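Number of protein chains: 2
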Amino acid sequence: MKILVTNDDGIYADGIYALATALAKVGEVTVVAPDTQRSAVGHAITLTDPLRVGKARRNKKFFGYATSGTPADCVKLAIKSIMKGKPDLVVSGINLGANSGMNILYSGTVSGATEGALLGIPSFAISLDTFVKPDFSAAAEFAARLAQALKKNRLPKGTLLNVNVPAVTRARLKGVKFTSQSHELFKDWFQKRTDPHGQTYYWMTGKFRTSSAEPGSDVEAIDKGHISITPIQFDLTDYKFLSELETWDI
Amino acid sequence: MKILVTNDDGIYADGIYALATALAKVGEVTVVAPDTQRSAVGHAITLTDPLRVGKARRNKKFFGYATSGTPADCVKLAIKSIMKGKPDLVVSGINLGANSGMNILYSGTVSGATEGALLGIPSFAISLDTFVKPDFSAAAEFAARLAQALKKNRLPKGTLLNVNVPAVTRARLKGVKFTSQSHELFKDWFQKRTDPHGQTYYWMTGKFRTSSAEPGSDVEAIDKGHISITPIQFDLTDYKFLSELETWDI
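Respectively, the protein sequence lines represent chains E and P. Going by my numbering, the first sequence opens with residue 1, and the numbers climb by one from there. Going by my numbering, the second sequence opens with residue 1, and the numbers climb by one from there.
Source of the hints: derived by calculation from the structure; they are not laboratory data. Honestly, I wouldn't trust all of these hints.
[Unchecked claim] Computed, partial: chain E to chain P, Cβ under 7 Å:
#, residue
1, Thr36
2, Ala40
3, Val41
4, Gly42
5, Lys80
6, Ile82
7, Phe131
8, Ala149
9, Asn153
10, Pro156
11, Thr159
12, Ser180
13, Phe186
14, Phe190
15, Asp223
16, Gln233
[Stated by the list, open to error] Computed cross-link-like contacts, DSS-like style, restricted to lysine-lysine with a CA-CA straight-line distance of at most 25 Å:
#, chain 1, residue 1, chain 2, residue 2
17, P, Lys84, E, Lys187
18, E, Lys2, P, Lys25
19, E, Lys240, P, Lys151
20, P, Lys152, E, Lys84
21, E, Lys157, P, Lys207
22, E, Lys86, P, Lys207
23, E, Lys152, P, Lys240
24, P, Lys151, E, Lys151
25, P, Lys187, E, Lys240
Keep in mind the model is a prediction, meaning the values are calculated, not measured. All C-beta atoms in this analysis are idealised placements derived from N, C-alpha and C, irrespective of residue type, glycine included.
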């Protein structure tokens with residue numbers, strides 16, 4: 001099994017190292033990831049600049065290819081120019097911080113797996129629900145288990161799995177829940193500040209409300225200590241509304 | 001009617017000028033847009049840098065607010081920090097080039113309207129299907145008509161309209177089709193080149209195949225000379241597959 005690994009925290013992040021190491025036990029891993037952090041890039045691709053690719057070493061050994069692009073760029077570039085032959089699986093992560101609810105629209109991590117799915121390759125994104133003192137071991141282990149499971153189970157064309165692992169001790173980690181994407185999103189706002197030169201600037205900041213998450217959703221599952229797996233797809237058509245729209249007089 | 005206008009081609013693009021001018025006949029327009037081109041940024045937001053806002057003039061008059069952010073940043077910033085009170089409508093465009101099929105995932109134009117919809121405001125994105133010698137007048141006129149129609153018709157919460165206008169003469173422009181999002185995507189690849197310093201770089205390039213577009217889809221409608229309107233929403237859950245997934249043994 002040939003596995004392509006990417007992320008959005010950058011090739012030198014701890015999460016991708018834990019992930020690539022765990023997946024090496026399941027298949028032949030190629031890492032192609034951004035050279036620095038590219039968080040909240042959404043499903044961006046780089047059209048107006050050339051992309052650069054370098055070799056990255058970790059622990060004194062060749063680890064993977066570092067690119068100047070986004071996670072989606074990395075997956076395109078890996079499949080079309082770097083790897084010999086298509087991978088059998090694309091895995092993106094392990095992200096520092098959950099990717100759940102409507103916020104997955106902003107997620108570079110999910111976007112890496114999306115690009116894999118668009119190119120017809122089984123793909124999943126995996127994130128750990130914490131920003132502090134992360135222990136990636138349980139999530140990395142689960143990624144390897146899921147990669148194994150994908151050897152014998154098929155995903156529909158264009159559908160990927162979005163996995164979130166709660167940051168709890170192994171003893172407290174509950175089993176897998178197959179979930180829907182919550183409709184919750186960050187409640188965000190801007191802090192208006194003045195720089196040392198007297199100029200105004202704005203920082204975005206926000207809070208995630210988990211209190212009102214829908215039963216059966218990713219947000220609820222993670223909150224209750226379950227590993228959440230949401231199958232996601234990219235036909236965004238609101239089919240239910242499409243027929244009502246036909247009655248509009250425009 | 002208070003209308004927020006944004007785009008991804010930048011505040012000095014011709015498309016946003018035509019759009020804002022046409023919409024000024026329907027309501028009170030506020031323009032908040034990127035200070036330069038931000039194409040293919042997907043639904044990116046800026047977390048790691050502060051955002052700057054300046055005033056932009058066009059034709060010797062104040063035209064709008066130019067920001068250092070993405071289209072999604074612009075809409076957030078407009079609603080939360082720049083405008084007095086929420087807009088009644090968010091319109092993003094007029095984009096140079098269609099936004100249809102799976103490629104809407106990469107679209108900064110659609111992303112501006114997405115942010116509006118996520119914030120609970122009726123929103124639409126509008127694009128003109130050409131990259132050369134654009135005449136935005138028919139598209140701008142249609143945007144004003146659609147804005148009027150949105151005064152009396154309601155969109156479901158979280159659903160926006162993605163509008164594409166073919167670049168044909170008025171005489172050849174056919175009526176509106178309500179469409180689904182095609183599953184077609186760019187067939188892209190990379191050109192590998194060497195820079196003047198002997199270093200390798202990659203440019204992405206691609207082609208859109210319209211030949212095999214699904215009947216009733218956006219790509220087909222535009223190709224046949226119709227104005228295409230696709231209602232899109234952002235619950236990405238693959239509900240059909242979710243129940244099958246329950247049978248997986250992971």
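Now the hints, each set against the structure:
For Thr36(E), the interface hint is violated, the least distance from its beta-carbon to any beta-carbon of chain P being 10 Å, above 7 Å. The interface hint given for Ala40(E) holds, since its Cβ lies 5 Å from the closest Cβ of chain P, which is under the 7 Å cut-off. Given hint, Val41(E) at the interface with chain P, holds; its Cβ is 5 Å from that chain's nearest Cβ, closer than 7 Å. Below 7 Å, beta-carbon pairs count as interface contacts, and Gly42(E) has one with chain P at about 3 Å; its hint therefore holds.
Annotation: interface hint on Lys80(E) holds; nearest CB of chain P at approximately 5 Å, less than 7 Å. Given the 7 Å rule on beta carbons, the hint for Ile82(E) is violated: about 10 Å separates it from the nearest Cβ of chain P. With a least beta-carbon distance of about 12 Å to chain P, the hint placing Phe131(E) at the interface is violated under the 7 Å criterion. Contact between Ala149(E) and chain P, as hinted, is supported at the beta carbon level, the nearest pair being about 5 Å apart and thus within 7 Å.
Interface hint at Asn153(E): satisfied, since its Cβ lies 5 Å from the closest Cβ of chain P, which is below the 7 Å cut-off. Taking 7 Å as the C-beta cut-off, the interface hint given for Pro156(E) holds, the closest approach to chain P being about 5 Å. Hint status for Thr159(E) relative to chain P: holds, with the closest Cβ pair at about 5 Å, below 7 Å. Interface hint at Ser180(E): satisfied, since its Cβ lies 4 Å from the closest Cβ of chain P, which is below the 7 Å cut-off.
Restraint check, Phe186(E) versus chain P: the minimum CB separation of about 9 Å is more than 7 Å; hint violated. Hint status for Phe190(E) relative to chain P: holds, with the closest Cβ pair at about 5 Å, below 7 Å. Interface restraint check for Asp223(E): the shortest CB-CB distance to chain P comes to about 18 Å, outside 7 Å, so the restraint is violated. For Gln233(E), the shortest C-beta to C-beta distance to chain P is roughly 4 Å, which falls under 7 Å, so the interface hint holds.
Among the hinted pairs, Lys84(P) with Lys187(E) is consistent with the structure: their alpha-carbon atoms are about 19 Å apart, no more than 25 Å. Between Lys2(E) and Lys25(P) the CA atoms are separated by roughly 58 Å; this puts the pair beyond 25 Å, and the hint is violated. Proposed proximity of Lys240(E) and Lys151(P) is supported: the alpha carbons are some 21 Å apart, at most 25 Å. Proposed proximity of Lys152(P) and Lys84(E) is contradicted: the alpha carbons are some 56 Å apart, above 25 Å.
Annotation: proposed proximity of Lys157(E) to Lys207(P) holds, straight-line Cα distance about 21 Å (limit 25 Å). Of the supplied pair hints, the one linking Lys86(E) and Lys207(P) holds, its CA atoms being roughly 20 Å apart against a limit of 25 Å. With a C-alpha separation of about 20 Å, the suggested pairing of Lys152(E) with Lys240(P) holds against the 25 Å cut-off. As the CA atoms of Lys151(P) and Lys151(E) are separated by approximately 52 Å, the hinted pair breaks the 25 Å bound.
With a CA separation close to 30 Å, the supplied pair Lys187(P) and Lys240(E) exceeds the 25 Å bound.
The structure shown violates the earlier hints numbered 1, 6, 7, 13, 15, 18, 20, 24 and 25.
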